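Undergrad: Now for the letters of each chain:
Number of protein chains: 2
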Amino acid sequence: MTRADRLERRRAFGARVRALRETRGFSQETLAECAGIHRTYVGSVERGERNVALDNIHALADALGVSVRELFDK
Amino acid sequence: MTRADRLERRRAFGARVRALRETRGFSQETLAECAGIHRTYVGSVERGERNVALDNIHALADALGVSVRELFDK
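From first to last, the protein sequence lines stand for chains A and B. Going by the numbering used here, the first residue of the first sequence is number 1, and it counts up by one from there. Going by the numbering used here, the first residue of the second sequence is number 1, and it counts up by one from there.
Computed footprint of chain B on chain A; a stretch qualifies when at least three of its residues, placed anywhere within it, have a C-beta under 8 Å from a C-beta of chain B:
hint, segment
1, 3 to 16
2, 43 to 57
3, 67 to 73
It is worth saying that the hints were derived from the structure and are not from the lab. Since the structure is predicted, the reported quantities are computational estimates derived from the model, not experimental observations. Note that the Cβ used here is the ideal one computed from N, Cα and C, for glycine as well.
Bound conformation, chain A alone (with noise of 0.2 Å):
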């Protein structure tokens, strides 16, 4: 796995990250405030600069009411 994929990869987490939370209508403060992350770190995952661990993930898809699988493309 390169460099390329990680990021493209880590950048395709955060976008479904952000579809999820816009199709809810939540702000990032308020994702942040369900998940109990700092809204700044939303922000950063949603640009796909996180590598985003298993506690946080599993924070984000409680948060936003979806299983951690529907979090990934595949």
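With chain A's structure known, arrange chain B on it following the hints.
TA: Using the frame of chain A, we list chain B on its own:
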């Protein structure tokens, strides 16, 4: 999400990695080499001790020949 929830989900992830690895007849060493990560790290992931992040989640899925979704039970 409580600390117990987080630990339970890390354990569930690790158990799934182990089950898929064993189904393929891979040793921890083989999986580690294929995924480009350290053998002792694979062991600690399988024991549920690690808050594994996106890059390594993808590397493990690729090495196991599964989609990322298959690493999660829901």
